[in-house]
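Colleague: Please construct the entire structure, taking both the sequences and the accompanying hints into account.
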Amino acid sequence: MLVNCVAYQDGRKLADITREEIGAYVERPECFVWVALKEPEPAELDAMQRQFGLHPLAVEDARHGHQRPKLEEYGDSLFLVVHTIELQEGELQLGEVHLFVGRNYVLSARTRTQQGFAEVRARCEREPELLKRGAGFVAYAIVDAVVDRYFPVVEALEAELERAEERIFAGAPARASVEALYALKQKLMVVLHAVRPLEEAIGKLCGGRIPAVAAGTQEYFRDISDHLARIHADIESLRDMVTTAMSVNLSLISLQENENTKRLAAYAALVAVPTLIAGLYGMNFQEMPGLRWQFGFPLTVATMVSVDYWVYRRLRGAGWL
Amino acid sequence: MLVNCVAYQDGRKLADITREEIGAYVERPECFVWVALKEPEPAELDAMQRQFGLHPLAVEDARHGHQRPKLEEYGDSLFLVVHTIELQEGELQLGEVHLFVGRNYVLSARTRTQQGFAEVRARCEREPELLKRGAGFVAYAIVDAVVDRYFPVVEALEAELERAEERIFAGAPARASVEALYALKQKLMVVLHAVRPLEEAIGKLCGGRIPAVAAGTQEYFRDISDHLARIHADIESLRDMVTTAMSVNLSLISLQENENTKRLAAYAALVAVPTLIAGLYGMNFQEMPGLRWQFGFPLTVATMVSVDYWVYRRLRGAGWL
Amino acid sequence: MLVNCVAYQDGRKLADITREEIGAYVERPECFVWVALKEPEPAELDAMQRQFGLHPLAVEDARHGHQRPKLEEYGDSLFLVVHTIELQEGELQLGEVHLFVGRNYVLSARTRTQQGFAEVRARCEREPELLKRGAGFVAYAIVDAVVDRYFPVVEALEAELERAEERIFAGAPARASVEALYALKQKLMVVLHAVRPLEEAIGKLCGGRIPAVAAGTQEYFRDISDHLARIHADIESLRDMVTTAMSVNLSLISLQENENTKRLAAYAALVAVPTLIAGLYGMNFQEMPGLRWQFGFPLTVATMVSVDYWVYRRLRGAGWL
Amino acid sequence: MLVNCVAYQDGRKLADITREEIGAYVERPECFVWVALKEPEPAELDAMQRQFGLHPLAVEDARHGHQRPKLEEYGDSLFLVVHTIELQEGELQLGEVHLFVGRNYVLSARTRTQQGFAEVRARCEREPELLKRGAGFVAYAIVDAVVDRYFPVVEALEAELERAEERIFAGAPARASVEALYALKQKLMVVLHAVRPLEEAIGKLCGGRIPAVAAGTQEYFRDISDHLARIHADIESLRDMVTTAMSVNLSLISLQENENTKRLAAYAALVAVPTLIAGLYGMNFQEMPGLRWQFGFPLTVATMVSVDYWVYRRLRGAGWL
Amino acid sequence: MLVNCVAYQDGRKLADITREEIGAYVERPECFVWVALKEPEPAELDAMQRQFGLHPLAVEDARHGHQRPKLEEYGDSLFLVVHTIELQEGELQLGEVHLFVGRNYVLSARTRTQQGFAEVRARCEREPELLKRGAGFVAYAIVDAVVDRYFPVVEALEAELERAEERIFAGAPARASVEALYALKQKLMVVLHAVRPLEEAIGKLCGGRIPAVAAGTQEYFRDISDHLARIHADIESLRDMVTTAMSVNLSLISLQENENTKRLAAYAALVAVPTLIAGLYGMNFQEMPGLRWQFGFPLTVATMVSVDYWVYRRLRGAGWL
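Heads up: the protein sequence lines correspond to chains A, B, C, D and E, in order. Just so you know, the first sequence maps onto residues 1 to 321 in the numbering used here. Just so you know, the second sequence maps onto residues 322 to 642 in the numbering used here. Just so you know, the third sequence maps onto residues 643 to 963 in the numbering used here. Just so you know, the fourth sequence maps onto residues 964 to 1284 in the numbering used here. Just so you know, the fifth sequence maps onto residues 1285 to 1605 in the numbering used here.
No lab work stands behind these hints: they were computed from the structure. Beta carbons: idealized from backbone N, C-alpha and C, even for Gly. Treat the hints loosely; a few may be bogus.
Claimed, not checked - Selected chain E positions facing chain D (in silico; Cβ < 8 Å):
no.	residue
1	1298
2	1451
3	1453
4	1507
5	1514
6	1521
7	1534
8	1536
9	1542
10	1545
11	1549
12	1566
13	1569
14	1570
15	1571
16	1572
Modeller: And the structure:
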């Protein structure tokens, strides 16, 4: 679906144009065309390929989707794949943005994501001196918008780890903690898959040989690269802590078992001792001290209680109860 | 076994030729020869070596088989080893494809695999402008076909992990989960052994100094390289998750043991308490309260039941039962 | 908040100047301006940006804060982000120092930290020949002061590990050890996040192409780089030992459980044996040896005690008690 | 001990020569001398040093032995250390081969190994065109022979892992499995120590700046490099699987414990229930239902058996028995 | 403390000189001065700085001590920090050697170590042709002496691991094994901290751009580099094996627990069965078979013994006893 298709000149909006006019505007070197697609149909992509003269491999990638984040140069144009990540009810939703960037055009096509770039466009239109910098700057603005939305996701995952940690140390049911940590690990892998290759791709736009369309914007891309490095480092330490939390959880489960065994043993002792005494007087010897004595029974029971109380105190003192 | 042996000119099929004619066609610079072998006999390989002038080390590798994926340059010709992976009834079947690529010939020899390249050839023949690009493009088309078939394998392994995860969290017999995860890990190692060295080999065809026969196709090989990077990343995260799932499983086993111990203790308590009471009245004191009373026995039993009911409620409340 | 704003010439203090005079002094090539801010307001940063002509991206980073340590070149000026780490009652407090370094000025802005740089300035003013070396040297002196304060933090963490180790091997409550090790691991991650990117950033000032403002000070920055490498190595081995200590702790918990089980079994045996004997004489056979014998009961009890004593000795010998 | 000392010309054997004649032949540029030593005495090495003009550091290394595999260039001659690995009754035997390679000589000295190079020499002598290629080729042939013998060792270790896996999953005594896996891990470390540095050393002979004596043989050394890469990858995945198998084993031990606990609990229940019933009728109340009834005892026993049977069925159903 | 201060010419000892004469001798290009300090006082270092013209940062490092091993170039002189490791009663003692190396002088300062370099000096003086090679060679000789003393340390740690392994598999108290492995791991970290940075530092003296004072000795430093690589590899595999041994130990602890549980269950069974039988005949039914029969008791006891014997045999057969 075509969202926007606008021609700019000198950083100012010239006109909303139709799909068919694109080719004509792109050929005018002083013009700049910025097209935004959403869930593009194959036919739309084909039309764009003709209008912009896009490389068939890039268009095929966009058509298939499910690409990993990457940057590819085709002659003097760039093809960028970026993943969007959104949190919906605690679940990660992955989308893709495909960017085709030429000397005087930017084509963005997004799929499976709620995030639009209307705001990016509005800001650029408000500040013509930014838009004048050309396609590289627009590409930066779009990628920057996507990457900025990674931060709340990472923070949500950090919060998830913190909740899991609290639960673990508070002695909440260990099974739930195990499941929560496992789910967290899975989410971290998903984010890592979006971030790591993008970091690599963006690195090519801010160091070494810079592609011509991104010339003059490397400081901006370095800024993104820096954000990605920070996110990457955050994810790595989250992963590390998740692993550690899992092993902590296992230790606490083992500890819990120790406690249980001790508790079990303690209660067993409290029952076993009077049972033994009862067993003694359950023997059928005709001569047992106090057997016929009136206070035999109460005294024996009293003995049982006293011994148990003593055992109980000792067990308590040793921390078994 | 010789599957196909065809000479092309200007991207169009010239003729099916015999093994002996190969040398003559290869010498005509405007011709292009594409030979496909299947489970080649040593004698066939020797014949090919003579006709194409292949390097003895490359032919020896093809003869021995069991090579790791690799790319080797011998003068201006290439020797490529690629592994095929097929899933047959849940088991991975490994095969090998050896590609000899020269300026105007491609020789493919496949062993231990059902996958043929008839479809690749058919597509190339339907589109002469592709075939015109020469040996590099044909090599790309064959490797691309092999790599494309890795995806369903990786997806099958992902599905296997998901099933294992479900079973683990559903509390299925832990032994089966352990065995399933171990088997999955083994399969991942096998796929990794096919993918990692191939990624490295293909990397030499799309960056740095490109061998002459692959010149002009680096964008295509970069596409394969990208697929391999994605598969590699997928396998790495699968491996990571398998390891995590194993440790989760161990935690759940320990937890299960905790539950068992608690359950065991709870039932022991339910039995021990009335046993103790019975022991008391089993003592042979002549004077015990209620001994001769008609309702002594029923009341004692009722006491036992009440106490047990109380114990049961408390244990239930504490989650031990 | 403006802490200091001083102009220097030939390494000697010229005058405390006002915020508005900065631009004039910076334009005099023989002058050198050194400004220190603390918890800067956005307005202050804007004023500084105008006076020094700072790059908007750098100022934006300073305004937002929460940057990872980094070095960025904007034309011939540098922007450095450094983390401060302070230990307050066992908790790590993270702060940030932003350094803007130009040919003849240094602007430092610190947030969330108690650490000031008055001492650094005092030392520099006492030794004009140091100050004469210019902005690069002042930047070195500030970063060096920050990094020097990492050492006591690392030492405190090492002491924390040692305390945890002692507790573990002394058999202190395992739960507390687990929590202590987990907390230590978290702190190590925090320090690592401050150190690792800074090491990378400083590396750019002591090897390869040195930015102009740092020319002639690479030996000093190499010294910092070396300190950071040492801290980094220390943290890595701390992390390694924490992981090892955790697994040691788990082993000891399992061992403890073994001991408990053995102890439990031993006590059970001590009770079970006399219970069994009592059970024998509790049977209602009319003919049982010694049933009517006067010493039947005492002898049986004596037997119980003897058998138990023997069992006790054996259990003790086997280390179960 | 001197095994062989032969001079060659134009790829053909000229004569067996004595140790003293070596120097004379080496000085004739059209000659090629190939000497093989076995467990060389210091005196022999000294003699060789004089005859070939070997570098003192290389000779000292050969004299001391216990070197790690390496390649060193001394002027235009090479010194190569390669480890031999042999399996003797399941134990790994490590030996060393030291190769001194100059423009027109090769000196091999092997220690602590049964493997000789007579076969290598025989093959070279049968094919003069190979021998004509000079010292680089002979060095290749020797190293290739050593590396080829790594393959059966790796296969033996793979078989060892498979046996261990089978035993683990078949439920064989876990202690034996642990010991087997530990021993396997140790052996893998030994092989890794032989392979990894050799891979690095051989890499210098097939890429980048090739030393003069190996010029023209890089394709051969690349073949060895490839073998080593395959062995290395095999060992790495073996190591990974050994670690995984160990953790699997631990999981199965824990599982086994769960089963034991459940079994123990189940049998305890089967005994406890009739014991409780017996306890009831063991009480000395004068009025208990059926006490004087003729069928009281058999009925009670029958009740016990029925209840136990019911308990048994339930436990069986729950998989506890 | 000044240990030695000698001037050499042409590789021969000229004279023992005083501290004040150093400067004069160093200025004579044909002379070479070699000074050895031990636990140097700040004042001594200051004097040396003046005499040799050492760089202030290097001297400051030497004064503070506790440097990590490193190589630093100051103009055309070098500053090298090397750690000494000594084993004293099973504990590692770390010392430091600081080397200042100029065109015609070497100054060594050692602290916290028993190891002197008298032997190195003696050997150099005995072989003037070695000493003639200059400062680079002397630096090599000293570092070589330090590194050579690492080998016995590593061997001692290997022996420690072997002892721990034997104890583990022999079933010695697991707690002691855990402690021993932990202590070993700590020692390995210490050695690693000495070796890894030194390896890096020495690498700069045998490859790439060699500092002028080390020119012509790279083959010697490559020899040290090689020793360090071997030690490094040894330590890495020791660390790996320690980790493995720890997990083996944990497995064996769990196994031991399994055995204990089984043993406990088995003994419980042996007691429970006769207790149950006794319970049966403890019931107060007036009619129980054999109650009044003379052989009732002995037969019942005999039955108990038989049943127990049968149970015992079965348990034994199943390996529970």
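Colleague: Taking the earlier hints as the rules, which of them does this structure contradict?
Modeller: Hints 1 and 2 are the ones this structure does not satisfy, whereas the remaining hints hold.
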